[in-house]
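Visitor: One-letter residues, chain by chain:
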Amino acid sequence: MYETNYHRPSTVEEAVALLSANPDAKPLAGGQTLIPTMKQRLAAPSDLVDLRHIEALRGIKLEGRRIIIGAATTHAEVAGSEALQSACPGLASLAAHIGDPHVRHMGTLGGSVANNDPAADYPSAMLALDATIHTSTRDIKADDYFTGLFETALDEGEIIVAVSFEAPEKAAYAKFANPASLYAMAGVFVARHGAGVRVAVTGAGSDGVFRQGDMEAALSANWSPAALDSVTVSADDLMDDLHASAAYRASLIKTMAKRAVAAA
Amino acid sequence: MGLQGIGAAVPRKEDRRFTTGAGRYTDDMVVQGMRHAAFVRSPHAHATIKGIDTSAAEGMPGVVGVLTGAQLKEDGIGNLICGWAISSKDGSPMNMGEWSPLAVGKVRYVGDAVVVVVAETRAQARDAAEAVMIDYEELPVVVDAVEALKDGAPQVHENAPGNLIYDWEIGERDATDAAIAGAAHVTKMKIRNNRLVPNAMEPRAALAKYDKAEDHYTLWTTSQNPHVARLVLSAFYNVAPENKLRVIAPDVGGGFGSKIYIYPEEIVCLWASKRTGVPVKWVADRTESFLTDAHGRDHVTEVEMAFDAENRILGLKVDTIANLGAYMSLFSSAVPTYLYATLLSGQYVIPAIHANVRTVYTNTAPVDAYRGAGRPEATYLLERLMETAARELGVSPAELRRKNFIREFPYQTPVIMCYDAGDYEASLDAAMKAADWDGFPARKAEAASRGKLRGIGMSCYIEACGIAPSAAVGALGAGVGLWESAEVRVNAVGTVEVLTGSHSHGQGHETTFAQLVSDRFSIPLDQVNIVHGDTDKVQMGMGTYGSRSGAVGMSAIAKALDKVETKAKKIAAHLLEADEGDIVIEDGHCKVAGTDKQVPWFQVALAAYTAHNLPDGMEPGLKEGAFYDPSNFTFPAGCYICEVEVDPETGKTEVIQFVASDDFGNIINPLIVEGQVHGGIAQGIGQALLEDTAYDASGQLLTASYMDYAMPRAADLPSFQVSNTVTPCPSNPLGIKGCGEAGAIGSPPALINAVTDAIGVRDITMPASPRRVWETLNAKA
Chain A
1 MYETNYHRPS TVEEAVALLS ANPDAKPLAG GQTLIPTMKQ RLAAPSDLVD LRHIEALRGI
61 KLEGRRIIIG AATTHAEVAG SEALQSACPG LASLAAHIGD PHVRHMGTLG GSVANNDPAA
121 DYPSAMLALD ATIHTSTRDI KADDYFTGLF ETALDEGEII VAVSFEAPEK AAYAKFANPA
181 SLYAMAGVFV ARHGAGVRVA VTGAGSDGVF RQGDMEAALS ANWSPAALDS VTVSADDLMD
241 DLHASAAYRA SLIKTMAKRA VAAA
Chain B
1 MGLQGIGAAV PRKEDRRFTT GAGRYTDDMV VQGMRHAAFV RSPHAHATIK GIDTSAAEGM
61 PGVVGVLTGA QLKEDGIGNL ICGWAISSKD GSPMNMGEWS PLAVGKVRYV GDAVVVVVAE
121 TRAQARDAAE AVMIDYEELP VVVDAVEALK DGAPQVHENA PGNLIYDWEI GERDATDAAI
181 AGAAHVTKMK IRNNRLVPNA MEPRAALAKY DKAEDHYTLW TTSQNPHVAR LVLSAFYNVA
241 PENKLRVIAP DVGGGFGSKI YIYPEEIVCL WASKRTGVPV KWVADRTESF LTDAHGRDHV
301 TEVEMAFDAE NRILGLKVDT IANLGAYMSL FSSAVPTYLY ATLLSGQYVI PAIHANVRTV
361 YTNTAPVDAY RGAGRPEATY LLERLMETAA RELGVSPAEL RRKNFIREFP YQTPVIMCYD
421 AGDYEASLDA AMKAADWDGF PARKAEAASR GKLRGIGMSC YIEACGIAPS AAVGALGAGV
481 GLWESAEVRV NAVGTVEVLT GSHSHGQGHE TTFAQLVSDR FSIPLDQVNI VHGDTDKVQM
541 GMGTYGSRSG AVGMSAIAKA LDKVETKAKK IAAHLLEADE GDIVIEDGHC KVAGTDKQVP
601 WFQVALAAYT AHNLPDGMEP GLKEGAFYDP SNFTFPAGCY ICEVEVDPET GKTEVIQFVA
661 SDDFGNIINP LIVEGQVHGG IAQGIGQALL EDTAYDASGQ LLTASYMDYA MPRAADLPSF
721 QVSNTVTPCP SNPLGIKGCG EAGAIGSPPA LINAVTDAIG VRDITMPASP RRVWETLNAK
781 A
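Protein chains in written order, with the working numbering: chain A, 1 to 264; chain B, 1 to 781.
So that you can see chain B by itself, here it is in the shape it has in the complex (with noise of 0.2 Å):
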C-alpha cells in the first residue's frame, strides 16, 4: 500500500469529476418549485436612505417577492456580527457599528445589499430590482483608513468615534523604544500592503429552502465551514434552531478565506424563502462578486528595526492602519491582531518588539481574512526590512538573515507565538543552492548586455498555522473552539468512510484525507469515501482554513482510526487466537506477526457486524469518532527566491525564476503540496505584480471586472522550482504544519526585493506594475 499511503505523489481522486464538468456546486442544485433572488444594491458609497418604491417590482411579470429591510427586521432577523472580540489597549472594548443583511435607513459601501426581488426566473428578478426606486441622499465619503483617521473625516458608524474600531497593542513599547534608541542602525520604512480581490472561480451562491411542514430549513451554500455557518445562523441571526436548518456546502470552488464569512445574502434567502413560502437562489454574478466578497489585507504601517554594531536585531516597531471596510466581518478583527502581530518575530531573535494596530471603517467592501490572512502582511514587512537594512548595512541578504536567525527551539518570542521546530538555515542554503544565487552577477551582467535590469531578491517566511489550541485562542477573545472531529466508518466489507468536519474547496482533502486511512488498514484508496460539507451527515466540525485541515483536521481522523485500529486488532486477535500486541495490518490482511497466521481485513470487519465470534463483552460495529484540540500552532517556514528582469523602456516585469524551499515537516501527498505552493505564489506574484484594488474618491470600486483587475495569467508565471526540506511538527500526531498559505505568505517580498535590485531603488509600492515600475525608473533619472 505504499504507493497509496502517506507520502506517496497520488493523483487527486476528486480531479475526474473537476476536470470533466461533473461537479456539484451550489447552482447546480435544483430543487421543486425554486424560485430566483436578485439584489437591490446601493450605487453609492455612503447615503441615507429617504424612501424605498417596490410598487412597480411588485406588478412586474413572475415576481414573488420584494423585502426590504424593514421587513426584516419585522421577523427579528439578527445583525451580522464579528467572531473574534478584540479590546482596545485602554481596556475598552471595539467599537462595532450595526450591519444589516439589508441596510435600513443608511448605506455604507458601493454593493451595500437593500432589496431583494425574489422571481420566477433570474431575469424576471432583476428585471424587477432594476424597478425597485430607492430615494437616496448621498453622504460624505471616505475610502482610505489614514484620512479616516484624521478630524473631520467622515463617520462611517455613529458609535464609532473617528471611525476608529479597536486601537490595540502588543508586545514592550518601553523595551522596544529603549532598544531603538541604543542602537547603531535603525532602518526604517513606511509600508503599504496593497488591498485585494479573492476572485474565487466559483462566485458565492445560496439556494434556501423553508420545509413548512417540517418547520425546517435546507441551505445550499459556497461556504468552507457549514457547521460554522449552521451555528451562526442560529444562534446570530434568529433564522432556526440548529436542529431545524441543514447547511450543506456542495463542491465548492474556491475560497481563499472569503467564504469562511456568513454573508447578508444567505440570510436573506433562508429568510426570503420562508416569507414568500418558495424556494429561494441567489448566485452572485462577477461584478457582485469584485463588490462584496470579503476584500484582503489593505494596511499601511510605519516601521522601525533597531541593530546592534554586529548587525543583531535589538527591536522592532510597528505602527499599522487597516482597513476593514464598511462592516466587521466575521472574523476581521482578528486579522491585523493575533493572525499579524503575533508573527512578528518571523525567523529572527529579536529581544523587543512593540506593536500597535489601529483598525478603521472606511465606505468600501468588508475586509477579512485571505489566503495568509495577516501573516502575508507581517511577512511582507519583516522581510522589506531586512533587505532594506542589509542594503543600508552593506551586507548580504543571506549573511543578515543568518546572523538573526532562531537556531534553538522551542523558542519563545516576545509576541505571544512559541515556535516549536524549525531549520531556518536549512532551507536558505536549499533555496540558494537551487537559485544558483552565486551565479547572479553573471546572470545580472548578461541581461544588461541585452537591456534588462535582472535583479535577485529572498524572502525568509515563517507562519502560524493548524489554527488553533482552543482555550488559548478563547483567551484572546475568539468566540469560537479551532479543534476538528472526525467519524471512521469501516463498512461491513471493510471499505471506509471518513466523516470530517473539514471542508475541501479545492485542497484535495478526498484523496489525502483517504491516503491516511489506506496507510493504517492497508486497503486501496478507492475503498475509501470521505465525506464532508453537510451538516446532516457529519458530526459538528470547524471547517477549513488558515491551513488547518492538514494538521488539525487529518490529526482528527488518525486519532479516530487508532481508536478503530486498537478495537480491530481486538477482533483479529480474537479470530487468530493470538495476543493482540501481536497483530500487524499490512497487505490487505491483520496478521500475527512473525507466523503465516493472518485473517483478511474486510473478515475482520464482517466479524464487528455479524457479532457471531466476538471478544466476550466487546459492542459489535466498528466505528469511532474523536475531536482533535491542537495543543499548539504549527510553524511552516521557508525560503523563497526570485529573480526578475524589468524592460525599462516598458517598466515591465518579467519573473524569471522562482525557487521556493519549504519546511511543512511531514507530507502526505507531495503532488498536491506542489500543487498548494504552485497556487500560493501564484497569489503572491499577482500581489506583488498585478493585483490592485482601487476606489476612486467617491467610494466607486475602478477595478470592479477583470478588465481593470489583473489576475496572473499562466504567461505571468515562470515555471516554479518547489523543494522541501522537514523538521517534523512535534505537537501533532502525524508531524504536520500545513501548505496552503505558504505560497502567498512568503513570495511578495521576494518579488519586490528582486525588483527594487534590479531597479536600483529602496522601495516600490504593491502593486509593481508596468506603469509604476516605469513611473519609479523616470523619478529617478
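The following block holds chain A by itself, in its conformation from the complex (with noise of 0.2 Å):
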C-alpha cells in the first residue's frame, strides 16, 4: 500500500469539503475493494475519507410505504433490519448473502452502489427497485444512476447520502455466485409494484447492471416463473471469462431469474 492520509468527518459538509480540497482523495464507504486494491498497489489515494463515521449516512427507515436507507449502513444492518425483512425481505435477503460476514460488517450499500462493479449485487435491486440515489447534491434515479462498469452519475466529489425506494409488493434476489469470489456471475432481482414488474441482473453484462425488458413484460403479463420459459436470453453483450461462458452466463439468467420470482 502506498502512503495515505486518513481522515474521518462526522458530517457530509466536512465530508464533501475534504474530497472537494484533494482532487486525488477518495471516499472510503467500508473499503471491501478500495482497501484490497490500494493493498495491491492498484490504487494510490492522497487521502482516504472515511464516511462510516457520519451519523447522517446511517440507518433505515420506514415512511409510509417509502424505505430510507443510509449509505453508510452496512450490509450486515440491512440484513438483520426488522423493517426490511417485513417491507421488503428480498432486499435484506440479498444482503445477508454478500461475500462472507467479515464484508457484511464492513461493507456499505452506498459504498457498493458508488463502486458499481459489474459483479456486485446491490446494483441490481436499486435498479429492480426503481429507487432514488440521493446524493449531497441530488437526487437520481437507479435508472439515470448506472451508466457502465464501475461508472455512475456522480461527479467529483459528490457523495451518496442514503438510496430510497417504494417497498414493493414482492421482491427478490437470486443469483449464482462465482466459486472462487463469490460475487455474482448471475443475479437477477425481480421486483412487482402493481402493474409493473422489474428485472435487474447484476454479475452478467459487459456494461455492467442492466434491465432485462422482455422478462419484465412476460411477467408483468403473467407474474409466475413458468412465465419466463418462453423468454429467450441472448448471450450477447454478457462477459466472458474463466469461470462463465456469455452462453453460460444466458442459461443462469433465466434460471436465476425463475427463482427469484418462486422466492418472491
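Bear in mind the hints are in silico, worked out from the structure with no lab data behind them. It should be emphasised that the depicted structure is a prediction, and the values quoted were computed from it without experimental measurement. Incorrect hints may have been included.
[To be verified] Derived lysine-lysine pairs resembling DSS-like cross-links, with alpha carbons at most 27 Å apart: (1) 254/A with 150/B; (2) 141/A with 170/A; (3) 780/B with 188/B; (4) 254/A with 444/B; (5) 254/A with 652/B; (6) 212/B with 150/B; (7) 559/B with 569/B; (8) 652/B with 444/B; (9) 559/B with 570/B; (10) 452/B with 254/A; (11) 623/B with 597/B; (12) 141/A with 26/A.
Since each chain sits alone in its own frame, please combine them into the complex, following the hints.
Guide: Laid out in C-alpha cells, this is it:
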C-alpha cells in the first residue's frame, strides 16, 4: 500500500469539503474493494475520507411505504433490519448473502452502489426497485445512475447520502456465485409494484447491471416462473471469462430469474 | 495415564497458542537493525534481460541496497539444485537447466526473481523495487507440457532439447503389451490431473541475520525441514558451512509440501544480510505465494487397463507427461517417478505394469510435491479406470474391485513396492455399510423428484508413507537419507524434553509425540515438551513430509525411549534392591511387579542426576538419542465413498455425503487423525470440484488470487463420516502407517466417479466446476 492520509469527518459537509480540497482523495465507505486494491498497489489515493462515522448517513427508515436507507448502512445492518425483513425481505436476503461475515460488517450499501462493480449485488436491487439515489447535491433515479462498468452519474466530490424506494408488493433476488470470489456470475432481482415489474441483472452484463425487458414484459403479463420459459436470453453483450462463458451466463440469468420469482 | 497415552483422543496442546493468536511465526521475529526485502520479479513468462538499471532505486528513501544476480555470482552463491537424480531409460542423466536465485540473462516464468531491494521499511523496499528499470526482450512462451514437447516449441533451457528433462520408465513393457494384446477387454482413458496452488495459510518468509563478529548466520524461515535447509544452503549454495549457519523454523502455518524446498528468497536474504550488513526480512504477499510457491500435480496421461474374460486385471500401461515448470525444484524429479509410478498397482493384483514418464520444462511456476505428491495422481488414474471399466464391463464397481484385491501379504508389486499388510475388503465393507450403498437407488429417485441428479462414487486408494529406507532411496537416486532422529532428555525432576528432527507445521506433534512419552513413563502430558525446528537445539533430522513423522519420527522417539526406559529400570532396580526385569512403570512410579515396593518416577530421575547411589559403573544422567531408519515404506489404504447432487440447471455439484474408511495401522491420537483426514478430504474436494490453476498463452497466471482461484470453504463440504479399520504396520515399533495425505489422495476419484455417475458421462476433467458440468451436460443433450 502506498502512503495515504486518513480522515474521519462527522458531517456530510465536512466530507465533501475534504474530497473537494484533495483531487486525489477517495471516499472510503467500508473499503471492501478499495482497501484490497490499495494493498495491491493498484490504487494510490492521497487521502481517504471515511464516511462510515457520519451519523446522517446511517440507518434504515420506513416512511409510509417509502424505505430510506442511509448510505453508510452496512450489509449486516440491512440483512438484520426487522423493518426491511417485513417491508422488503428480498433486499434483506440479498444483503445477507454478500461476500462473507467480515465483508458484511464493513461493507456499506452506499459503497457498493458508488463503486458499481459489475458483479456487485446491490446495483440490481436499486435498478429493479426503481430506487432513487440521494446524493450530497441531488436525487438521481437508478435508471439514470448506473452508466457502465464501475461508472455512475456521480460527479467528483459528490457522495451518496441515502437510497430510497417504495416497498414492493413482491421482490426477491437470486444469484449464482462465482465459486472463487462469491461475487455474482448472474444475479437477478425481480420486483413487482402494482402492474409494473422490473427485472435487473448483475454479474453478467459486459456493460454492467442492466434491466431485462423481455422478462419484465413476460412477468407483467403473468407473474410466475413459468412465464419466463418462453423468454430467450441472448448471450450477446454478456461477459465471458474463466468461470463462465456468455452462453452459460445467459442460461444462469434465466434460471436465477425463475428462482427469484418463485422466492418472491 | 491411559487418558493421555497412546490411543487417547487428547485435544492438541499447541492449540492454546494458535487459537489465541500467540503463535510465533517467522514474520513475528524482530531483530535489532532489521531491514526489509522486496523482490523485483519478472512480469514476462520468457524474456531476455537486456539491461538492469538500479540507479533510481538506489536513491530512493530508506534504501540500503539494490542487488542483482550478477553480484550474487560475484560472491560465489550457487544455483538451486534438485536433490534426486533421475536417469532416462537410455541411461542418460536428466537435463537440468540452471536456476540462479536471482535471474541472470533470462527469465523463465512470471514471478522469476531478478533483483532484490533492501530498505528500512517494507513499503520503502516496495517503492524502490518499482523504480528498478529492467529492459526485457520478450521470447516465445510455452505453458502446456504436451505443447512443450512438440517440434518447434519455444525452448525453456538450452540444455534440455525439446524441453525434455527425462524420459523414464518402470515395469515390463513387453509383458504389458502382450497382456493388452491378449485381453478380453481393454479400458482406455486420457486423464488430466489439474495443477494446484498449495495455499498454506502462512505465506513463505525469511529473516536472515549475519553476525560479523562471529562470522555466523541465523535464518528464521518457513521450513518443513530446517536441517535439510541448512545442509543444502551450506553444501550447495556456498552461503556458509553448517557450523556457521543456524536455521530456525518456528511456528509454521501449513506447508503441504510447499515448504520442503529451499527457494531463491532464503538464499538471497542470507547473502544480502552479509552483503548489506543488516538483518534482512522478507515475507511473501499472497500474490507472490500464488506465483512462486511450488505448484502441485499437472499431469496428462494416456492409460490402458486390460482385463480377462473373468474381469481380472491382466495389465496396466501408462504414458504420462508431467509439467515441472520453469525450473527443477528440490524434489520435483522424484514426484512423477518414484512417488507416482511405484503406486500404480493400487490395491490390485496386476501381473504386468509398464509406465513411461516424460517430464517437461514450461514457462510456468516450478512444480514439486504437494500433499500426496505423485500418489494422488496414481490413485486418480487407477480409480477412474476401475470405475470406467466396471461400467463398460457391466459389473458393480465394488465387485470389480473385490475380484482384483490383493489378499495375501507381503505382496510384491511389479513396480518396486512390497506391501506389508492390509485388508482392503474390510475398508470397502465398512465404507459401503456406513454409506448405505444399497440404499442409493432410492436416494437417487428422491433427488430426481426434486430435479437433482444424484451420483455415487467410490475410490479404493493405497499410498506409501513413512519415507523412507535410506539405502533403498539412495539406490534410486535420492541425494539424502530419509531416516529420523530423536533425543529424549529426562530432567532431574522427571519432566521430559524430546528433541525431534520432525517439524510440526499443523500436524499436532507437540501432542502426539508427548503422548508416547506419557504412555511410556506414566507421567502427565504437561510434563513433556517437544522441541523441534532449530538446528542449534536439535540434532540433525530430516523433517516432515510424506506422512513420515508418525511412522519414522515417532519410531525414532520410541527407540530413544527404549534406551531411557532400560536405564531408568536399572536405576529403579538398584534403588529398590530388585531385579531390573521385575520393574514396571505405572501410576507415576517404578514398581517391583507383584509387590508394594515402589519409587516415584521423579526420584529415579533425581537419582540419575545426583549420582549418589547408582549401579556400579553407570554414567550419571538420563538422556538418550536414537536414529531410526525404516526398513520399508508403510502402506496406508482405505475406501472412500461419496454422494453428490448436481443441479442440472446451474451445473453446481453439492457433496451430500462423504464416507472415509481408512487403515492407518495403530493410531496414537484419534482426534488428530480425524482432523488430518478432514483436511485432506477438503483439499481433495478442492482439487476435484473447485481448484484450477490457469495460465494464459502468454504465461500470465489467470488464477493469481482468491478472486479467481476457488479454495474450498466450509459451505462446500459435508459433515464427513470418518472411521478406521486397523492392520498394524509390521515394519515399525509402533505399528503406525501415517495419515497426513490419505484424504487428499483418496478423495478426488471418489468425487469424479460420483459426478460422472450423476450426469451420465464417461469422464469429466477436474475441476468439475459448475461451468464445466453445465457445458458437459449441454454437450450431451
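Visitor: Decide, hint by hint, whether the structure agrees.
Guide: Hints versus structure:
| no. | hint | verdict |
| --- | --- | --- |
| 1 | 254/A with 150/B | violated, 43 Å |
| 2 | 141/A with 170/A | holds, 20 Å |
| 3 | 780/B with 188/B | holds, 20 Å |
| 4 | 254/A with 444/B | holds, 26 Å |
| 5 | 254/A with 652/B | holds, 15 Å |
| 6 | 212/B with 150/B | violated, 52 Å |
| 7 | 559/B with 569/B | holds, 16 Å |
| 8 | 652/B with 444/B | holds, 17 Å |
| 9 | 559/B with 570/B | holds, 17 Å |
| 10 | 452/B with 254/A | holds, 18 Å |
| 11 | 623/B with 597/B | holds, 25 Å |
| 12 | 141/A with 26/A | holds, 23 Å |
Comparing the model with each earlier hint shows violations of hints 1 and 6; every other hint is respected.
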